[in-house]
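**Student:** Taken in order, the sequence shown gives residues -19 to 378; the numbers are from the numbering used here.
Just so you know, these hints were derived from the structure itself, not from any lab. Here the structure is a predicted model, which means the values were calculated and not measured. Heads up, the beta-carbon is just placed ideally off N, CA and C, and yes, glycines get one too. Possibly wrong hints are sitting among the right ones.
For lysine to any residue, the following SDA-like pairs were computed, each having C-alpha atoms within a straight-line distance of at most 25 Å [unchecked claim]: (1) K16 <-> S37; (2) K184 <-> T167; (3) K184 <-> K117; (4) K55 <-> G5; (5) K164 <-> Q217; (6) K117 <-> V146; (7) K164 <-> K117.
Listed next, with one range per pair, are the computed distances between beta-carbon atoms [what the hints assert, rightly or not]: (8) P233 <-> S115: 12 to 22 Å; (9) H245 <-> E352: 54 to 64 Å; (10) D80 <-> T365: 47 to 57 Å; (11) G18 <-> D348: 28 to 38 Å; (12) D80 <-> P263: 40 to 50 Å; (13) T167 <-> A33: 25 to 35 Å; (14) S54 <-> G103: 31 to 41 Å.
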Amino acid sequence: MLEAPNSLFSIPIFFLFSAFSLTSGSTYNVLDYGAKSGGEIDSSKAFLDTWAAACTSTTSPLLYVPAGTFLLGSKTTFDGVDCKNSVTVQIDGTLVAPSDYTVVGNDGNWIVFEQTNGIVLTGGTFDGRGADLWSCKHAGNQCPVGATNLAFYDSNNIQISGVTSVNSQIFHVIIQECTNVNIKGLTISAPGDSPNTDGIHLAKSSNVNVTGSTIATGDDCISISSGIYNVWIEDIQCGPGHGISIGSLGAEPNEEGVQNVTVKHCTIQETLNGVRIKTWARPSTSYVKQVIFQNVTMVNAGNPIIIDQNYSPGSPDVGDSSGVEISGVTFQYIRGTSSTKAAISINCSPSKPCWGITLQDIDLTSGDQPAEVSCSNVYGSNVGTVVPAGCINKSIGK
């Protein structure tokens, strides 16, 4: 049996962070800097002015957004490089994006925090008003790529709690090039057919907790991209969407890998996929290792367990072989129902077979017909009772 990763971060990293609490320092209310409730007047400058004032404080400043609806009518970036202390942002109201999706649709992001240290974001609703952009894309028209509701870049010691993100044009929350991130109690929602609306996207970051959140989107509930180390995901309600995914990896030949990821005590319901690892069928030096999916309940989820190393949507690269090496992955206590006949699909690269893959105590059914399983180029072990019957090659393979 493959054991869970043996490192500091194979247990939750909550102890790295102080408990979520409001600051006892100076309070900076956006209304005092010209913000207008009602959702009609652009308050982005007022918010930035409030941020600038809070950043001058040396006594744990609180940036406060009261109840009400506030329009942030352009890309709004809160840069923490000059902040003298950690800023807490408490939002009791709703922030809305411009109704015209083209205003921020080519900017990549709507609201950004970058170069912050110790930022605390608590509460509030972020409404990206993405419906018109999705309609544009569904119609096959020429449309902007879209903007993420909330992005954190190049930041450390981030705490996010109690945030609601709705109808983001594309990804809801991005964490990129960040360390020590604690996310809990998020509610993320967009229609199941909304394109590219991943709930939480992690890239080039380390020491990340995501817990106690409900995510319903048109793409991955949580997506884990390259350069990710030490991630703990627990107590997630996922669906609709595309499940919880590592990848896609290997689109570029020299991408960083993914290492030490734990996903446990999650429910995945009415999704296109369950727990998934996907890599491009291209040469690559990337890797996935030390991953455990544990105690996950599937409720009518498509492809509950899937490793796909032939991911090439709309690409001419079909026929190439993935160079991403996948090893040390455990699927343990995965139970429930599959909406597809294939409940377990582990199709690895012929040039870099998966190794150290463990299926342990799996119980998946597919309606009133037997579920199916398929494996190729995979080595490891079946432990305990595996239903449908495991198909992993028990040869060492490495």
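**Student:** Now, for every hint given, state plainly whether the structure supports it.
**Tutor:** Verification of the hints:
1. K16 <-> S37: holds, 24 Å
2. K184 <-> T167: holds, 24 Å
3. K184 <-> K117: With a Cα-Cα distance of about 29 Å, the restraint between K184 and K117 is violated, given a limit of 25 Å.
4. K55 <-> G5: At roughly 28 Å apart (the allowed maximum being 25 Å), G5 and K55 break the hint.
5. K164 <-> Q217: holds, 12 Å
6. K117 <-> V146: holds, 18 Å
7. K164 <-> K117: violated, 31 Å
8. P233 <-> S115: 12 to 22 Å: violated, 37 Å
9. H245 <-> E352: 54 to 64 Å: violated, 27 Å
10. D80 <-> T365: 47 to 57 Å: Holds: the Cβ-Cβ distance is about 56 Å, inside 47 to 57 Å.
11. G18 <-> D348: 28 to 38 Å: Violated - the Cβ-Cβ distance for G18 and D348, about 54 Å, lies outside 28 to 38 Å.
12. D80 <-> P263: 40 to 50 Å: holds, 42 Å
13. T167 <-> A33: 25 to 35 Å: Holds, at about 30 Å.
14. S54 <-> G103: 31 to 41 Å: Distance hint for S54, G103 is violated at roughly 23 Å.
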